[in-house]
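Engineer: Each chain, letter by letter, is given below.
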Amino acid sequence: MKTLPEANTLKRIEDLENRLAEAEQLIDAIKAGEVDAFAIRSENKMEVFTLHSGDYAYRVLIENFSEGAINVTEEGLIVYSNKYFHELLGLSYENVIGTSVYEFIHPESIASFQSLFTAALAGKSKGEIKLNAASKSIPVYISLTSLYPKLPTIGIIITDLTEKKNQAKLLEEKNKELVRSNVELASFSYSASHDLQEPLRKIQAFTSRILQLEKENFSASGLDYFSRITNSAARMQSLIEALLSYSRTNTSEKRFIPTKLTDVIEETKVDLQEQIEQNNAVIESTALPVLNIIPLQFQQLITNVISNAIKYRKENVNPVIKISAVKVSASEIRGDVDSKADMYWKISIADNGIGFEPRYAGKIFDLFQRLHGQNEYSGTGIGLAICKKIMQNHGGIITAESESEKGATFQIYLPTINQTK
Amino acid sequence: MKALNILLVDDDSDDQMIFIDAIKEIDHSIQCHVVGNGLEALLSLRTKSPSTDIIFLDLNMPKMNGYECLEEIKKEKHLKEIPVVIYTTSKLEAEKERTLQMGAKHFLIKPSDFSLLIKELSRILNLELKQD
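From first to last, the protein sequence lines stand for chains Y and Z.
Positions 1 to 421 (my numbering) are the ones given, in order, by the first sequence.
Positions 422 to 553 (my numbering) are the ones given, in order, by the second sequence.
If you're looking for bench data, these hints aren't it; they were derived computationally from the structure.
Among these hints, one or two may not hold up.
Stated by the list, open to error - Capping the alpha-carbon separation at 30 angstroms, the derived lysine-lysine pairs in DSBU-like fashion look like this:
no. : chain 1 : residue 1 : chain 2 : residue 2
1   : Z       : 512       : Y       : 389
2   : Y       : 165       : Y       : 124
3   : Y       : 215       : Z       : 445
4   : Y       : 269       : Z       : 512
5   : Y       : 215       : Z       : 501
6   : Y       : 202       : Z       : 445
7   : Z       : 512       : Y       : 311
Stated by the list, open to error - Here are the in silico distance ranges between beta carbons for each label pair:
no. : chain 1 : residue 1 : chain 2 : residue 2 : range
8   : Z       : 484       : Y       : 206       : 22 to 30 angstroms
9   : Y       : 367       : Z       : 516       : 25 to 33 angstroms
10  : Z       : 516       : Y       : 236       : 53 to 61 angstroms
11  : Y       : 273       : Z       : 536       : 55 to 63 angstroms
12  : Z       : 519       : Y       : 170       : 51 to 59 angstroms
What the hints assert, rightly or not - Far from chain Z, some chain Y residues (derived; all Cβ distances over 12 angstroms):
no. : residue
13  : 198
14  : 241
15  : 262
16  : 263
17  : 272
Values in this document were obtained by computation on a predicted structure and should not be read as measured data.
Note that the Cβ used here is the ideal one computed from N, Cα and C, for glycine as well.
Just chain Y, with the same shape it has in the complex (with noise of 0.2 angstroms):
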C-alpha cells in the first residue's frame, strides 16, 4: 500500500476542519429558528431541504385556520395564501398567489386599507374593511402585522364579519320591529278602550234618561232588572278606566326623579283618605328612604297597594299597614328583574287582612287574575297587573307573600341606581 503524501493529508484534514464549521453553524441557525429551508449539491444538482419538523405544525394550523391569513410584500403582492383566504374569495390558490392584494379589496376601503398597510409597516394595525369577491363584497376585520426584518413581507389574518353583520341587522330589525309593535299595542289599547268608552256612554246616559222619566212606571222586578243593567254598565266602565290606564302606564313619560318615600306615602294617604277613615285603617312606616323613581307611576303602585289592603281586611279588625324598607343584594330576589343592579331598596308593605293562599302569590299579578268573586270584593283584577307593570318599568320587581288569614306582604324591590330611560 503506497503512503499518501504528507501536504495531501493536511489538505485533506483542513477541509473536513472546516465541512465540522459549517455544519455546526448550520446546526445552530436550524436551532435558533432561522432556516426555514437550505440547499445541498449533490450529484451536480442543488436539492432543497425544508425543515418539515420545525414548523410543520404552524403550516398545518395556518392551512387549517378557520380565518384567512396571507402573505404579502411591501409592494402589495401576495406570497402566501391559506386555504381559508382564498375560498372565501372564490379562487384557487394559483389564482391569488403572484397577485395584488388590491385587487381584492373592495374599491370603498383602498383608501383606509391604504392607511392600515402603512400604518402595518411601521409594526402593526387593525381595522375593517370590505373585500371584493367576484359579484360580492364581504366585510372582514384585518390585523396586520409585520414581519420586518426577518421577511420583508406583512402578515394579514382575515376574519369574515358577514355572519355577525348578518345577525347584528337581523337583530336591529327585530329590535325595530319590536318597538313598532309595541307602540301599535300600546296605541290600539288606548284607542280600543277609548273608543269602548263610547257605546257605554251613551247606554249609561240613556238609561239614566228613562230612570228620571219612567222611574214610577217600572213593576219592582224591572227595577230591579233595571238597576242590574246600570250596574253592569257602571263596573264596566271601572274596567276600561283601569284598563286605560294600565295601558297609559307603557306609553307615559318615564323619568326617574328622586323623591322622598316618605311624601309618597302622605301623597297616598290623601288619595285614600275616605277609604282609610271609613275602615280606621292605620298606615304605619320606619324610616323610608329617597328613592330615584317615576314620581306618578310609583305613587299608583303604593296607592293600589295600599288600597288593596284595606279592600281585604278581615272583619272586625281595623286595617293596620306597615311599611319598611331595607337595603337589600340582587341574590336575595326571588324572580325575574331587567335591572343589573347589585343593590335594591326592598320596600316591604305588610297588612293584617284576610291575605290569600300562598299558591296565588305569582297568580295575583297577572291581568284579569281574581280571586274572590264580585259579590264579595268588587274590582276589576288590573291594579295589580299596574303596579308589575309599573315596577318593570323601574327596573325592579313586585312580589307578594301570605297565608290564609294571616295578611299579606307585598315587596318591592327597586334597583339603589336608576338610569333614566
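Dock chain Z against the given chain Y, drawing on the hints supplied.
Structural biologist: Relative to chain Y, chain Z alone:
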C-alpha cells in the same frame, strides 16, 4: 228677556238627542239649532249669527272638525265674540288646554249621567247669561 239661542255642532245623533233633551229640561224656551259638522256650523253662523248666543262644539267630526271650526269662528269679526263650549268625550288635558288657548270658553266632557249633564249645562248657561 229674549229666548236664548244655542247652536250644537255634533255629528252623533244620540248625543244630539241627549243634549236637546237636557236643554229642554233646563228651560223649554231655549232654542236649540243642531248641525253635524264644522262646515255646516260656519254656514249656519254666517247666515244666522246675530241670533246665536252660545255654541257647543264637538271636536271629532267629519268634513271639518272642532279645532278647525273654532279657528274659523275666532277669525271672523262678527262671530268671534260668541262663547264657544267644547263638548267632547276627550278627557285629555292637552286638548282642553289647546282649545281654551284657541279661545274656547269652557271644556265640557260629555257625562254618562243625564242629571250630571243638566247640572253642567245649567252652570255654563248661567255663567254666560250673567255676562250678557
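Engineer: Each of the hints needs a verdict: does it hold here or not?
Structural biologist: Quick rundown of the hints versus the structure:
1. Simply put, residue 512(Z) and residue 389(Y) have alpha-carbon atoms about 23 angstroms apart, close enough for the 30 angstroms limit, and the pair holds.
2. In summary, the hint linking residue 165(Y) to residue 124(Y) is supported, as the alpha carbons are separated by about 25 angstroms, within the 30 angstroms threshold.
3. A C-alpha spacing of about 19 angstroms is found between residue 215(Y) and residue 445(Z), which places the hinted pair at or below 30 angstroms, so the restraint holds.
4. With a C-alpha separation of about 25 angstroms, the suggested pairing of residue 269(Y) with residue 512(Z) holds against the 30 angstroms cut-off.
5. A hinted pair counts as satisfied when its Cα atoms are at most 30 angstroms apart, and residue 215(Y) with residue 501(Z) does not qualify at roughly 43 angstroms.
6. Between residue 202(Y) and residue 445(Z) the CA atoms are separated by roughly 19 angstroms; this keeps the pair inside 30 angstroms, and the hint holds.
7. Distance hint between residue 512(Z) and residue 311(Y) is fulfilled; the C-alpha atoms sit about 28 angstroms from each other, no more than 30 angstroms.
8. Distance hint check for residue 484(Z) and residue 206(Y): the Cβ-Cβ separation is about 27 angstroms, which falls inside the suggested range of 22 to 30 angstroms.
9. A beta carbon spacing of about 28 angstroms between residue 367(Y) and residue 516(Z) agrees with the range 25 to 33 angstroms that was offered as a hint.
10. A hinted range of 53 to 61 angstroms is violated for the C-beta pair residue 516(Z) and residue 236(Y), which are about 24 angstroms apart.
11. The supplied range of 55 to 63 angstroms is broken by residue 273(Y) and residue 536(Z), whose beta-carbon atoms lie about 26 angstroms from each other.
12. Checked against the hint of 51 to 59 angstroms, the C-beta distance between residue 519(Z) and residue 170(Y) comes to roughly 42 angstroms, which is inconsistent with it.
13. Not every C-beta of chain Z lies more than 12 angstroms from that of residue 198(Y), the closest at about 6 angstroms, which undercuts listing it as non-interface.
14. Separation of residue 241(Y) from chain Z is inadequate, the least Cβ-Cβ distance of about 10 angstroms not exceeding the 12 angstroms criterion.
15. Every CB of chain Z lies more than 12 angstroms from the CB of residue 262(Y), the least distance being 28 angstroms, so the non-interface label holds.
16. Chain Z leaves residue 263(Y) outside its interface by the beta-carbon criterion, the shortest separation being 23 angstroms against a cut-off of 12 angstroms.
17. With a minimum CB-CB distance of about 22 angstroms to chain Z, residue 272(Y) clears the 12 angstroms threshold, and the non-interface call stands.
Taken one by one, the earlier hints fail for this structure at numbers 5, 10, 11, 12, 13 and 14, listed in ascending order.
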